[in-house]
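Chains A and B, in that order, give the protein sequences. Here the first sequence stands for residues 6 to 597, numbered as in the numbering used here. Here the second sequence stands for residues 6 to 597, numbered as in the numbering used here.
Source of the hints: derived by calculation from the structure; they are not laboratory data. Any given hint might turn out to be false.
Stated by the list, open to error - Negatives, chain B to chain A, calculated, CB over 12 Å:
hint : residue
1    : 58
2    : 307
3    : 332
4    : 388
5    : 423
6    : 560
Stated by the list, open to error - With a straight-line Cα cutoff of 25 Å, these simulated DMTMM-like cross-link-like pairs (lysine to aspartate or glutamate) come out:
hint : chain 1 : residue 1 : chain 2 : residue 2
7    : B       : 181       : B       : 166
8    : B       : 137       : A       : 81
9    : A       : 291       : B       : 136
10   : B       : 530       : A       : 464
11   : A       : 272       : B       : 103
12   : A       : 65        : A       : 144
13   : B       : 291       : B       : 391
14   : A       : 530       : A       : 550
15   : B       : 351       : B       : 585
16   : B       : 450       : A       : 464
17   : A       : 137       : B       : 514
18   : A       : 556       : B       : 444
19   : A       : 450       : B       : 73
20   : A       : 93        : A       : 81
21   : A       : 137       : A       : 98
22   : A       : 530       : B       : 514
23   : B       : 427       : A       : 98
24   : B       : 573       : A       : 98
Every residue, glycine too, gets a C-beta built ideally from N, C-alpha and C.
Protein chains: 2
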Amino acid sequence: MNTIQDRIFRLRAEMEKAGVDAFVITGTDPHASEYLPERWKTRAFISGFNGSFGSVVVTKTEAGLWTDTRYFLQAENELSGSGIKLHKLRVPEAVSMEDWLAATLAPGSVVGIDPQTISLAGFRNLESTLEKKKINIRETDDLLDRIWENRAALPENPVFDFPVEFSGWSRAEKQKMLAGLLAENNADLHVVTMLDELAWLFNLRGSDVNYNPVFTGFGLVGETEMLLFTDQKKIPQALKEQLQNEGIELKEYISFLRYLGQVQNRKIYVDPSTVNYSVYSSVCGKNAFVEGTSLVAHLKSVKNETELAGFRKTMVRDGVALIKFIYWLKTHVGKKRITEYVAGRKLAELRSEQENFVGESFTPIVGYKAHGAMVHLSVNEENALEIEPEGILLFDSGGQYLDGTTDITRTVAIGPVTEQQKRDFTIVLKGMIRLSLAEFPYGTKGCHLDILARKAMWENGMNYGHGTGHGIGHFLNVHEGPMAIRQEYNENLIVPGMVLSNEPAFYREGLYGLRTENMMVCVEKQVTGFGRFLGFETLSVCPIDTTLIVKDLLDEKELAWLNNYHKKINQLLKPVLPTDLHAFLDELTREI
Amino acid sequence: MNTIQDRIFRLRAEMEKAGVDAFVITGTDPHASEYLPERWKTRAFISGFNGSFGSVVVTKTEAGLWTDTRYFLQAENELSGSGIKLHKLRVPEAVSMEDWLAATLAPGSVVGIDPQTISLAGFRNLESTLEKKKINIRETDDLLDRIWENRAALPENPVFDFPVEFSGWSRAEKQKMLAGLLAENNADLHVVTMLDELAWLFNLRGSDVNYNPVFTGFGLVGETEMLLFTDQKKIPQALKEQLQNEGIELKEYISFLRYLGQVQNRKIYVDPSTVNYSVYSSVCGKNAFVEGTSLVAHLKSVKNETELAGFRKTMVRDGVALIKFIYWLKTHVGKKRITEYVAGRKLAELRSEQENFVGESFTPIVGYKAHGAMVHLSVNEENALEIEPEGILLFDSGGQYLDGTTDITRTVAIGPVTEQQKRDFTIVLKGMIRLSLAEFPYGTKGCHLDILARKAMWENGMNYGHGTGHGIGHFLNVHEGPMAIRQEYNENLIVPGMVLSNEPAFYREGLYGLRTENMMVCVEKQVTGFGRFLGFETLSVCPIDTTLIVKDLLDEKELAWLNNYHKKINQLLKPVLPTDLHAFLDELTREI
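So that you can see chain A by itself, here it is in the shape it has in the complex:
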């Protein structure tokens, strides 16, 4: 019996004691985090599957993992020998975890779940699916805790102040803005459970989660109250006093649900897609609710002038590291052994030399040749390909700096490339440029704009299976909502101050991957008799490999954008790059 089988065996015993016929492990934490602290890597613990998305269900006789197209190969490998069956999502014949439970269990069965690990919306969905088959849900304890030896504790990394110098708005200002939005929404208390929202609202940062400068905690904020629930050991004494002097009540992380239990007669704003069901059920009944996209997420997504100024400075430093990296790559490949893994480490090292650098913003994706076509590639020292002086290398990476977060992808020719590769690259680039050039009225949503990035590809029978743009936090998570640029409908408008990625791509499976990703900020363009028109300003400062471009495929506007972009990069980077790289920079940014 392998470890996973053993764990499932022991979970079944706990399920028996808890009186449940099936147990659902959503794989998330009480904060609906994308990146998890060790303690909450429950999906990996129970199944061995390391992907970032997937639910596990264990019944008395079966066990299954539900995940999507991104992870089919990885899941098949990692589940091998565990007895856990892979259920594929986002395929035509997909059966959701909820529907599978309804179809598999007998009426009267009991499905157990730790309500801390499921959102209100997720719980309602599960409930409505199961109740049609008269299957009940039982809210259990964290059953995994009983079988998880040496489980990591909650992280205890210190929390630090994120000064107004970087954040732009003080805690008091943010509280006031939030109170204004609460009043507009006929609510008076906002529950904050997402860690990035908490960090933003309280101008605090931490290091409890890889890549995300957040700390575990909860918040409750209204016009006259600002409560922070986090492990008090994490807050240095001086900061504690500062926060208390500002009128912030500090409470223990573990006291949050208990505190909520005493809240009554309030009009509480919750985001059902992220608030966990324990939190909701602690306050429901005694309070009124207003449900909607987190108001903190709305506020956070629109960057203020200080944040934007920080982003702009960050981009220049990030650009310096990237130029140095490309130079190193081009001068070393073929001369010494460089693997994708080594290249990723080198890039992180070059970024770490930059001012205000705190860490990487995600695991770098460095994909050579066929690896470039694997969207969720994660290589290690063992399986990394060696980069040779031919073909194409894609690298998608980013840094966390005190004054901003970066996320950028470049695809470069490491040696000879084919005409097909250049053609494909240029067609993808056309989409990136067209989206950069977009002008649109106030009221436009991401799903309206997405086609700009895809149009040239569609005309050539090409496409890519992921979104085009995600929000990016300011010295916060590299993925943030509530808006996005993708085909899927998202009701949130794209408005000035939002920082988004622009990353159309193309993957020839088994051959190569092409992606050019810039960060952009939405800006005002003009006001006419027909309304207020918006557009984007590109933030990222790194040349696009012109040796991969078929110039004839670009139209005048696209070509002008490219040449202007390179001119601006040259102007921004030359003053800060070592003199011996000036000729290289000129070469990379030469007008075509």
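Let chain A serve as the given structure and place chain B on it in line with the hints.
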């Protein structure tokens, strides 16, 4: 006291008897029709407002009309002196009729409504808004009937067979397709309440409603049953026998609700956005329901080869009428008095000379100069402007032919025009062409494509306040769902066989309006390793006024599209146009 005040006075007396504090007149009929038979013009009867959209509420002390931006001016004029207050919808400060009722009435109040005149979804919305304020809904009789002297009876125009020669599929084939979709949706009986769906499904047509070749009736269709509820006097004896021989049960219109009352233990498919609440409440309780967009609407929206062949032939005949009209216009304007109204009548007359012509498909919109900027212009003999030999004329019109329905808008220079007008016209045209040229993968929705028609305008700070494309029936309603091309999210895919309009526009208030509208059919383009790609084929056959085009504003692809389009028009129309118009056609379709 004017007529409207008198009617409201008498309605209040009926409300008193019925025990309701407020009465809602939705202004629709039991079939959720856009165009109404006389009997159901309740909105106009009670308020004097003749717009096609709006709800009226009468309370003991107040009366209000809720309508949208299209009709603000018209409503202000028509409500003048009636005591009815205009409530504006689709403006930032809008308060919906439901919210107004909740805010205005005291808890315990009773709102009355004739449940035949509200959809299931509309009823639920009203109910959920009112129940928060503990306001009750009472389903009343048709209270207006008691005060409406000389109200028109239900129309009794004859129903006629629509042969397979035109419809492509027999009634039995349509029943089979519908049964297949019902089974896929876990249902076994479809309630058909929309008149165009009924006409399509039963291959019957009528003339009960202006412009729409439909007849009043209901349908119930399952795998082994096909019931038609319509006034039996309307069906000629021979057709009656034919239908009965095909196994169709014929029942009286007025027996529909009674029949439904006996249906039990079925899985009934209803479209909550269109089925009226009386119909739903007649069958609820004793049956299971599946709710979704009408399956008949889905089937109807995808045209078969016969329907498409009919459309193509229709377009040529419509094109002949249009060329004759443009010729008449250009040779007569300035020489004799021609008003917008006269031009509209002339156009109808020219269409009526064409084979298979049955009638107009909507009231023609002929707008000269400033009138062209009024989107919902409807002129009569009195208020029509005289067309003089200068400036711009917009005409939006269409015909009902046995083998297809047309809807086309052209904007033509009647004499000297300004550079600004040409520039505006060309920018609008760019959008029309870009949407015509769209290529997109299967799975694309209208909201993804809409930007193609607007992009050039947005880049110039221009926009238009209506949708870009609507579905068009085959010898049926000129507006049909379920898909659309517009900014608003619509979950229905654009798939091959759908016929849609493509009508970007631009309006300079008080000056002129510009719109070019073609009909297109969605077609297969290519299949690649990245999926199935679709596009559009233009159906409309009528030149676009090249004297209004600034050639330099068109890119190569746009120009090629235009010249190819004109070449095709020349080829299609020359063989069927009188010889004396050949030179004129050559001039209109000359390559630029």
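Hint check:
{"no.": "1", "hint": "58", "result": "holds, 21 Å"}
{"no.": "2", "hint": "307", "result": "holds, 19 Å"}
{"no.": "3", "hint": "332", "result": "holds, 35 Å"}
{"no.": "4", "hint": "388", "result": "holds, 26 Å"}
{"no.": "5", "hint": "423", "result": "holds, 17 Å"}
{"no.": "6", "hint": "560", "result": "violated, 7 Å"}
{"no.": "7", "hint": "B/181 x B/166", "result": "holds, 19 Å"}
{"no.": "8", "hint": "B/137 x A/81", "result": "violated, 51 Å"}
{"no.": "9", "hint": "A/291 x B/136", "result": "holds, 20 Å"}
{"no.": "10", "hint": "B/530 x A/464", "result": "holds, 10 Å"}
{"no.": "11", "hint": "A/272 x B/103", "result": "holds, 23 Å"}
{"no.": "12", "hint": "A/65 x A/144", "result": "holds, 18 Å"}
{"no.": "13", "hint": "B/291 x B/391", "result": "violated, 61 Å"}
{"no.": "14", "hint": "A/530 x A/550", "result": "violated, 29 Å"}
{"no.": "15", "hint": "B/351 x B/585", "result": "holds, 19 Å"}
{"no.": "16", "hint": "B/450 x A/464", "result": "holds, 17 Å"}
{"no.": "17", "hint": "A/137 x B/514", "result": "violated, 55 Å"}
{"no.": "18", "hint": "A/556 x B/444", "result": "holds, 23 Å"}
{"no.": "19", "hint": "A/450 x B/73", "result": "holds, 22 Å"}
{"no.": "20", "hint": "A/93 x A/81", "result": "holds, 11 Å"}
{"no.": "21", "hint": "A/137 x A/98", "result": "holds, 21 Å"}
{"no.": "22", "hint": "A/530 x B/514", "result": "holds, 23 Å"}
{"no.": "23", "hint": "B/427 x A/98", "result": "violated, 52 Å"}
{"no.": "24", "hint": "B/573 x A/98", "result": "violated, 44 Å"}
In terms of the numbered hints stated before, the structure departs from hints 6, 8, 13, 14, 17, 23 and 24, listed from lowest to highest.
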